[in-house]
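There are 2 protein chains.
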Amino acid sequence: MTAVSQEQVRKAVDEELLRRLAAPEGREVEQLDAWWRANNYLTVGQIYLQGNPLLREPLEPRHIKPRLLGHWGTSPGLSLIYAHVSRLIRHTGQQAIYLAGPGHGGPALVAAGYLEGTYSEIYPHVGQDEAGMLRLFRQFSSPGGIPSHVSVTTPGSIHEGGELGYVLVHAFGAVMDNPDLLAVAVVGDGEAETGPLEGSWKGVSFLNPERDGAVLPILHLNGAKIAGPTVLSRKDPAEVRSLLAGHGYEVLEVEGADLPGMHHRFAATLAEAWAKIRTIQHLARTGEWDGTRPRWPLIVLRSPKGWTGPEQVDGVRMAGTWRSHQVPLSGVRDNPEHLAMLERWLRSYRPQELFDATGAPTEPVRALAPEGELRMSASPHANGGLLTRDLALPDFRDYALEVPKPARTRAESTRRLGELLRDVYRDNPDTFRLFCPDETTSNRLGAVFEVSGRAFAERVTADDVAIGRDGRVMEVLSEHNCHGWLEGYALTGRHGLFATYEAFAMVSASQTVQHGKWLQEASRLPWRARVPSLNVLLTSTAWRNDHNGFSHQGPGLIQVVLTQRGDVARVYLPPDANCLLSVADHCLRSRSYINLIVIDKQPQLQWLGIEEAVEHCARGAGIWDWAGTDDGAGDPDIVLACAGDVVTMETVAAAQILKERLPGFRVRVVNVVDLMTLPRPKDHPHGMSGTLFTELFTDAVDVVFAFHGYPGAIHQLVHGRPDADRFRVRGFVEEGTTTTPFDMTVRNRASRYHLVMDAINNAKRLPRGATDLMAWCERKLAEHQAYVVEHLEDLPEVRDWVLGDWAKQG
Amino acid sequence: MTAVSQEQVRKAVDEELLRRLAAPEGREVEQLDAWWRANNYLTVGQIYLQGNPLLREPLEPRHIKPRLLGHWGTSPGLSLIYAHVSRLIRHTGQQAIYLAGPGHGGPALVAAGYLEGTYSEIYPHVGQDEAGMLRLFRQFSSPGGIPSHVSVTTPGSIHEGGELGYVLVHAFGAVMDNPDLLAVAVVGDGEAETGPLEGSWKGVSFLNPERDGAVLPILHLNGAKIAGPTVLSRKDPAEVRSLLAGHGYEVLEVEGADLPGMHHRFAATLAEAWAKIRTIQHLARTGEWDGTRPRWPLIVLRSPKGWTGPEQVDGVRMAGTWRSHQVPLSGVRDNPEHLAMLERWLRSYRPQELFDATGAPTEPVRALAPEGELRMSASPHANGGLLTRDLALPDFRDYALEVPKPARTRAESTRRLGELLRDVYRDNPDTFRLFCPDETTSNRLGAVFEVSGRAFAERVTADDVAIGRDGRVMEVLSEHNCHGWLEGYALTGRHGLFATYEAFAMVSASQTVQHGKWLQEASRLPWRARVPSLNVLLTSTAWRNDHNGFSHQGPGLIQVVLTQRGDVARVYLPPDANCLLSVADHCLRSRSYINLIVIDKQPQLQWLGIEEAVEHCARGAGIWDWAGTDDGAGDPDIVLACAGDVVTMETVAAAQILKERLPGFRVRVVNVVDLMTLPRPKDHPHGMSGTLFTELFTDAVDVVFAFHGYPGAIHQLVHGRPDADRFRVRGFVEEGTTTTPFDMTVRNRASRYHLVMDAINNAKRLPRGATDLMAWCERKLAEHQAYVVEHLEDLPEVRDWVLGDWAKQG
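Chains as they are written, first to last, in my numbering: chain C, 6 to 815; chain G, 6 to 815.
Warning: the hint list may mix true and false statements.
Some chain G residues close to chain C (C-beta under 10 Å, calculated; not the full set) [said to hold, decoys possible]:
#1 Val174
#2 Ala229
#3 Ser353
#4 Pro356
#5 Gln357
#6 Glu358
#7 Thr363
#8 Thr568
It is worth saying that the hints were derived from the structure and are not from the lab.
By construction, the Cβ of each residue, glycine as well, lies at the ideal position given by its N, Cα and C atoms.
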């Protein structure tokens, strides 16, 4: 689709409405300006004032905070946009949310929520009166207060102004399957330098105007970041246009600092952008769409950094430069000239017109804000738990694999999950999506394509399969986009799963961390309703990477999730298909967690029937009687514990070897599905009781623990459990290469033979035959070594070994 | 600068040379084609063959590998480019390296090194003969062999084909201060979907043609990734041009699959690109440059995925589609038709013309390759350790802070480092750079600007400070760019430091992981010379974030680095300025490590004089006698250990409280600078001996350990030490908000009062007065709590407390 034409707009949008929108009357401009001035006033107040909030008396040093912190520079631009979108909403009834990309626009967005009344509704002690305003000011950038960036505490936000680069991914995620929602996403020009942001413009290549809402990106080029200019602000405007048009947008531009001119021009441009969005949607929703990717509008706003603030301070230019990034006037308490400048600055907004005798916003200010849930600070879309409906989930037992006996069947476990997800798609046509960097099929989840293709708004050809504008499976070769879209989708109340290669989950690890922080903080705010969990499925694990090497091997994300608080962090290592189904069902029903699920996609031995799996997963960890030789009477000689599929196979094989070759040696096998059962209950809500822990692991017998990830993870998790030193952990110790799973276990000293030797070395008593068995294991490993050295000369025979049958090898 | 004109080219580049370059003679086209066919043959051979490598006999099932793994699709395009750049080098003597962005072009790049002879020089068992060729084939994607992606084992590579998105950052890093180097960077269209790649086009905005070399990006649009089309390949070509022009490039395009037409067109386009690069450099280096950002050339190559491979298989289109991504013909052993197709395919390259009776490349093939170090597979730039010179380092003692007594001076520690770095810049004008997301000044490293401004090729204005085309301090608001540039800079043999905010170091954590993997693997390859370390300085730590909140607080990168092998991972937590200087000096002298240094940038108490600091850092950990009450006779009652600046202050304060209020209670204070002294020597080369460990920590007294990062890190590090359970670790437990360092320690239960209570609770004996002291601590904490609750009403008094004087509070 080329850019929509004026004629198309005329057909789609009420002409009179559009005319009014584009050309605000004098009274409206006054309202816009009043609201904007009020917002700027409150922003400056937050940075500077601890007394005299309404400037009822001359400003004195004692009214100034002792320490000046905060960010002024980006704020006036953010609030100008907010004012104009609010007006748009009043005229059109458009549902909209506002995402402030510029990290440190916190005071402007807090002020917006305050002016709209939402802030006081949520935080009654910060009322719309003089005392409340003072609290608003004092809490800002103060110990125990709120930060200078948009945070979870900010009403109307689904986007933390912390780690930069995700404003567009959050916006695109929010509007997927949300046809009536407009996400206004302000992109800062500092943020625009990040990789994730630059890579996220392409969201339009995956949007369907018929079914999805719209994102209106507003690239705010105010020229500078902390200490210098930004790249985009110093490029020729034609180059910036070329770039954004290349990303697929129709570029509209507004530039200047003149008033009221900027109000008129921004209103007209915003009206044009909105009309084009509505026209695209109208065409798509009335069957007049040719199916090509729309050229969605985008606004480039060039306004000075620190606009309306001091032009010059101590003879140096301030507004329009990087110097106004944080606090333009410093040392105000001790510098009478600066104090006077601050007072002039504050009074330039004419607060007496903006706030009445009680300190409440006056009519012209209040008149701008939309009502109720149309206020962007009060939109339920930005508190998505309010809109969250449970998924319609089929009975996961219907997808179960028949497992009559352990270790007899081999199957691709994730394939069963794929079938489950297919039916989740079928039964939840607008509240569930799968996100994956082009590996859905590779990850054996391809069954979903029976219901939905991949989303793609660009051209498709006859050779393409399961892809097109109606698709709702999100594949883009960008972990950042996948992760961020899912975050936006979940924060607005819908459900999803991000499936990716284990090693490359680290690409978006910082997003996992930040989303976890969001959820942790939200869990302490009663007004934030719980949202669907962020479900992450890791496949192609470190232990099996047939044609890939060391760079593709790394279970680091487990380590990362373990750093989060127990109220959000969940890590599951289902050993087989039925456990995976049970775990997935649990995760898809859960709220406000980070659920990390790790399992290989290749054919693997199956252990448990579905009912056993359900029971095992419900406990999170349990003794596998059938695998061990522990008679239950008294402590075993050793506990072989395991978490993770490949190492579970090695553990069961080790137990088998011990059973066959050391009769009388009592081995207990414990499998852990839910890693968070290991810590103490006081450290994690899933932590098993001390009694149960002792039942599984005893309190004195040594435990040889074969772990999917880095061994240190287990050491830290069992710290504080009885005699934690007795846990001998084998895991991934950064020994990787292109090889088989079994060879990987050998290289990382976690093979069945290593486990047997560990068992013997750490057993309470050295049974008869132990020395022989140690020697046998060493021989086996030497044979394996010889095999590896030899195999290049004799590759065909490797086949069976590549496929790796534990029973045979055991 | 607009694109260079033909006239400028004529003045800068020898016309005759350019004419010859742009229009290869028939013999040259034959050479190009022969080399390309040879490469394609070897690529297919690697994927399929385990016997009959030269097709001396008809192909039989037994010649085929039992398991077919590898990636064909991107390879022919990669090798076409390689062939043409080789020819360019032969004509011009241009020093060039080749970076293959498409992850899975491994077989093509391995084949290139093999054809150039480099492979056999490095790996003599893979000789240029039939037996060697067979080894080449068999090792590929086989256990114990090499992966299907470009890896550390691939000669000529500084870029692993693993995690996608970094080909341009590596290329730009490689050419900085490398005026004669051309980095040919092939960008895959799958890779081009990633955020980091999209964000890295802007490298040209930071390049100086006078002093830096050039990057020639070749965007290879072959249309598809694993299972579907790519965004850029399906956009209108005009839109792609618009995008790339918007990034600042002059776009040259080649498209097709016709032969020899493609050779002619690609040769002409490559010649044009090279001539423009040389012209830009000529203008800049002869003083004819107007100083504006050059419009560097870029090539878009559109050639079919799987080009020259099977067009159709089983009635389905193969070449030109995603289906040729990996192995186009499957089941070749059991499918006679596929076997016949494979034979036809292999023979279509006419191997008998390409390899002689011994299996060595024939003259037309050999004729194309440049000689010696001009071969891209043999470039010393791609084995940068060969070119690495030690930095000229001033004596770090000259920057020392005067610290006559511990805990009397307060200073910004990183400011001293900034002065050291300034002089490193001065003394190493082309082998050292600092990389930082626009926070150099904020991080108190601004002294470097006395010697060098920030690099910036875009327009500068009068209000800008310390920025311009001659700058060599690299500031871009992208951790990905900073990290990747430094990687490229270091892998080509130069030194640098990446300074960033602690929490946002997670943005590039996966790069830290991948670079660590590179270094780990390289350390096992004797031919790879050791390169300068990757030095990472983290400031703005979790414990002090005045106007920022929870999103800015996270010491996660320590956790990440701890997962790496001991041969590369180093983590330092200098407690003060003099220790920082000593650590930094050590890191800047080191090779092939990941050196992580964590220290706050705000004024902090200073503990050690420079000579004490040197001694302390050399040991890595030591007893601070002056802080404790341990008389050295026998074990103390408790060990208070600490690692990290803020927690060190709390620990010293806790010891002080105990000294004053519990006379006779013997407290030992141990400070750890080098975190890697904690594990056992067998787990890390820095691990202190058992004897030393016992000297510091005893083997039975409880240790209260105050740690900068997540407590689990210490638990995993001390695992295996005597009675590791006795370590009670306090650290960052994800309790964050906008507040003071002291309040942060309270929230995370790591304050001096918590440490005192921990000391009493875990001491061998309960001394007289202990109960009172416990009560006192609880009172202190309650007072603090009250203070926090109260402060919003009474902010001025918070000032002293915000600034936090430990002595006063203790």
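Worksheet entry | Unmet hints by their number, sorted upward, for this structure | 3, 4, 5, 6, 7
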